[in-house]
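Required output: the full structure, derived from the provided sequences and hints.
Single-letter residue listing:
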Amino acid sequence: MKHEQGKTINKHVLIGPWPYWAGAFILGLLNVLLFVIFRRPWGVTAGIARWGFDLWKTLGGHPERWAYFREINSDILSSHTFFNQANILNMGLVFGVMLAVLLSSHFRVKRVKSRSQLILAIAGGIMMGYGARLAFGCNIGALLGGIASQSLHGWVFGIFLFIGASLGTLIVRYYVLRKRLP
Amino acid sequence: MAKERLDVLGEVCPIPLLMTQGVLAKFKNIDVLVVETDSNQAARNILNWCESCGFAFEIDDLENGVWEITIKKGNKCIF
Amino acid sequence: MRKSSQMLAVILLSFIISGFALAAYSYQRSFPLLWAFGIAIGFVFYRSGICFSTAFSDIVIFRNFRMFRTSLILLLVSFLGFNIVQVYSNISNGIIPGYIFPVGLHTAIGGILFGMGMVLTGACVCGTLQKLSEGFLLFWFVLGGVVIGSLLGAYHYPWWEVSYLSWEPVFLPNIFGWRVSWLLTVIILVGVFGGTFLLERRK
Numbered sequence: 002m003k004h005e006q007g008k009t010i011n012k013h014v015l016i017g018p019w020p021y022w023a024g025a026f027i028l029g030l031l032n033v034l035l036f037v038i039f040r041r042p043w044g045v046t047a048g049i050a051r052w053g054f055d056l057w058k059t060l061g062g063h064p065e066r067w068a069y070f071r072e073i074n075s076d077i078l079s080s081h082t083f084f085n086q087a088n089i090l091n092m093g094l095v096f097g098v099m100l101a102v103l104l105s106s107h108f109r110v111k112r113v114k115s116r117s118q119l120i121l122a123i124a125g126g127i128m129m130g131y132g133a134r135l136a137f138g139c140n141i142g143a144l145l146g147g148i149a150s151q152s153l154h155g156w157v158f159g160i161f162l163f164i165g166a167s168l169g170t171l172i173v174r175y176y177v178l179r180k181r182l183p
Numbered sequence: 010m011a012k013e014r015l016d017v018l019g020e021v022c023p024i025p026l027l028m029t030q031g032v033l034a035k036f037k038n039i040d041v042l043v044v045e046t047d048s049n050q051a052a053r054n055i056l057n058w059c060e061s062c063g064f065a066f067e068i069d070d071l072e073n074g075v076w077e078i079t080i081k082k083g084n085k086c087i088f
Numbered sequence: 006m007r008k009s010s011q012m013l014a015v016i017l018l019s020f021i022i023s024g025f026a027l028a029a030y031s032y033q034r035s036f037p038l039l040w041a042f043g044i045a046i047g048f049v050f051y052r053s054g055i056c057f058s059t060a061f062s063d064i065v066i067f068r069n070f071r072m073f074r075t076s077l078i079l080l081l082v083s084f085l086g087f088n089i090v091q092v093y094s095n096i097s098n099g100i101i102p103g104y105i106f107p108v109g110l111h112t113a114i115g116g117i118l119f120g121m122g123m124v125l126t127g128a129c130v131c132g133t134l135q136k137l138s139e140g141f142l143l144f145w146f147v148l149g150g151v152v153i154g155s156l157l158g159a160y161h162y163p164w165w166e167v168s169y170l171s172w173e174p175v176f177l178p179n180i181f182g183w184r185v186s187w188l189l190t191v192i193i194l195v196g197v198f199g200g201t202f203l204l205e206r207r208k
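Residue numbers (the working numbering), protein chains in the order written: chain A, 2 to 183; chain B, 10 to 88; chain C, 6 to 208.
The reader is advised that the hints may include incorrect statements.
Cut-off 16 Å, straight-line C-alpha distance, at most; resulting in silico cross-link-like pairs (EDC-like, lysine to aspartate or glutamate) [as the list claims (entries may be wrong)]:
#1 A:Lys111 to B:Glu13
#2 B:Lys81 to B:Glu45
#3 A:Lys111 to B:Asp16
Which stretches of chain A does chain C cover? Using the computed rule of at least three CB atoms under 8 Å from a CB of chain C, they are [unchecked claim]:
#4 34-40
#5 104-112
#6 165-173
From the structure, some residues in chain A lie toward chain C, with a derived Cβ separation under 10 Å [as the list claims (entries may be wrong)]:
#7 Ile27
#8 Gly93
#9 Leu100
#10 Ala124
#11 Ile160
To be clear, the hints were calculated from the coordinates, so they are not data collected in a lab. Glycine residues also receive a C-beta, built at the ideal position from the N, C-alpha and C atoms.
Pasting the structure below:
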């Protein structure tokens, strides 16, 4: 029994998987609409950098003195901690996914499997966060937003993202094939 | 008919598909592989791969968020 | 164990979503709309199963460009729409909206680091938020890593900017002109899209 049925849209719009290209098209339209209305491209990591900012502040640091936040991300200093543009969009994404997951009854808590998985995850996260700040965005903000805005940084980021992803993939494949297979 | 079970619960893609391929490549006597995964994306990845290789497959929702994919190995894909 | 419906949770979630929309409205009129956008984006992401991390890892492991092509479609649609907004805004009041940032060695390093981190974790940042909502506890830790990395990156950025190459933001139409820049972008994106089919066939 094949799981993928894009034909009976009525029945499956809420529950069934959508074709990849349809999702890409809709996301593209949403991205453009977002840009039209709010005049700002969609970005995910700016909001997360914001969390870092607030976290460090609560821990006693003074990130508002850092050149990065003063010059580049300066709107951080004036907006509300929780109810700001970047955060609402990110929170919306989280709740949107949760809604979709629950509607198809897919929700399940999946625990961490091993310490190595945990270390890899945290390391990968740190790499992503660091890289995203250096390039002013992640694959959504810098790659998608940058290229769509016709900025050179988007293209440069894209090329090197491909290189980095290829390297990382080879590492993952080596790890799985040598260490994980029974 | 040699039937094996592969448990990749808790693994995120690309690991489930990598392991599915790896197991089928390493243990050539397996005819039927039953993969248990709890990642929606990984399940879809595996199904797409089976489809491209021409393997017959069946998918079953075991419980909330757990899928069981039964793959009948064919001869086509060399990996 | 048979599957049980999670509709009760859906109803609860709907209440929370509505409540949040009302709360957001009190801060800014446009916030409920932004909230709706976020929810729509998240919903579409889960239903369509689009994953940037998969797009790149599938190329290397399986010589499969399907998810990559999907990303290209997203990119092309976004670009076409953005361009219209940029042109319109430029003509109306000379302002060019968009993400136009400094480029330099840090951009390249950022790309490599992000790309590696993305496939090592199995999800990009937005994918991390998704997997979190699906119930993967692991991704809370990934998110924590992203927060830490972001802080470190922000802290180190001036050092990258001063010690290594960094140029002022480069807006491509300023170099090539609006028409050529548009054409080049479309040709490259469509060209890469078509090229992937050739690469797949040459297996």
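Hint by hint, here is what the structure shows:
1. Taken as a hint, the Lys111 of chain A and Glu13 of chain B pair is broken in the structure, with Cα atoms around 23 Å apart against an allowance of 16 Å.
2. For the given pair, Lys81 of chain B sits about 15 Å from Glu45 of chain B by alpha-carbon distance, which is consistent with the 16 Å threshold.
3. Between Lys111 of chain A and Asp16 of chain B the alpha-carbon distance is near 13 Å, which keeps this suggested pair within the 16 Å criterion.
4. Counting residues of the region 34-40 of chain A whose CB lies closer than 8 Å to any CB of chain C gives 7, which reaches the minimum of 3, so the coverage claim holds.
5. Note: the region 104-112 of chain A has 8 residues with beta-carbon separation from chain C under 8 Å; the three-residue rule is met and the coverage holds.
6. Note: the region 165-173 of chain A has 9 residues with beta-carbon separation from chain C under 8 Å; the three-residue rule is met and the coverage holds.
7. Here the hint on Ile27 of chain A is kept, as its CB sits about 5 Å from the closest CB of chain C, short of 10 Å.
8. A least Cβ separation of about 2 Å between Gly93 of chain A and chain C falls short of the 10 Å threshold, and the interface hint therefore holds.
9. With a cut of 10 Å, the hint placing Leu100 of chain A at the interface with chain C holds, because the nearest CB-to-CB distance is about 6 Å.
10. Evaluation of the Ala124 of chain A hint against chain C yields a held restraint, the C-beta minimum of about 7 Å falling below 10 Å.
11. Hint status for Ile160 of chain A: holds, given a least beta-carbon distance of 7 Å to chain C, under 10 Å.
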